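Trainee: Sequence:
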Amino acid sequence: MFAYDDPAICKDTATTATVSMLGYAYAMAEERQLNPRDDILTGLVQGAYEDRPLTPLEFAYFVIQLMVAGNETSRNAITHGVLAFADNPAQWELYRERRPQTTADEIIRWASPIIAFQRTALQDVELGGVQIQKGQRVGMFYASANFDEDVFEDPFTFNIERDPNPHLAFGGHGIHYCLGANLARLEIGIMFDAMADRLPDLMPTGEPTRFRSVWINGVVSLPASYRG
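The sequence shown: position 66 = 66 (our numbering), numbered continuously.
In case anyone wonders, no lab produced these hints; they're calculated from the structure. Predicted model only: the values in this text are computed from it and were never measured. Ideal Cβ positions, reconstructed from N, Cα and C, are used throughout, including at glycine. Please note: incorrect hints may appear among the correct ones.
To be verified - Label-pair distances were calculated between CB atoms; the ranges are:
#1 D201 to I115: 48 to 56 Å
#2 V125 to S225: 22 to 30 Å
#3 I64 to D150: 29 to 37 Å
#4 P89 to A143: 18 to 26 Å
Please model the complete structure; the sequences and the hints are all you need to start from.
Mentor: Here's what the structure looks like:
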């Protein structure tokens, strides 16, 4: 679905995936209308925005956003974490011994799974000497913010004990803050705990194949080995 910038992936395949996902979302909406449940999809079907129900397209793209947020971001953060630990073996030993609670946020900062996003200005504002008008689209580059030398001490050092760690990988603050932030931290912690316990010598054996995208900082494949 997100492969439009990647020549290694057929655009027809990406289009087909998007159409299939939209169809899947429409089918779920119809099913929840007939058989409501105590879940987020029923809430979307029965909910309202500006005193009107969501349109089918709005519902479908919200479902796609949930799927992306629950899959692409955590999965790619974990893969980048494996690479970071491989490049910083002392940090891996530290994690195996102490399991710092700050680890997940440093992995997420380091990975910055979402490279950039956009927002719409709700009012006129001046930012960094630039005048932004109400209604204009603003590009935000999380990968830049998360390595800002004015904010982070040694930002290009992978430090799982970094504290504080005011990264913006979860979207910043307010209404745009990631609903699944704590779930992502939990997933990453569980995964690396399992690796430390069962695959302590897991090591990449080659270079990763990276996903070409202006949006997703993804890894397509990463060869690795372990003795167990």
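Trainee: So, for every hint listed, does it hold in this structure?
Mentor: Verification of the hints:
1. At about 31 Å, the CB distance of D201 to I115 disagrees with the hint of 48 to 56 Å.
2. Checked against the hint of 22 to 30 Å, the C-beta distance between V125 and S225 comes to roughly 51 Å, which is inconsistent with it.
3. In this structure the supplied range 29 to 37 Å holds for I64 paired with D150, their Cβ-Cβ distance being about 35 Å.
4. About 25 Å separates the C-beta atoms of P89 and A143, a value consistent with the hinted range of 18 to 26 Å.
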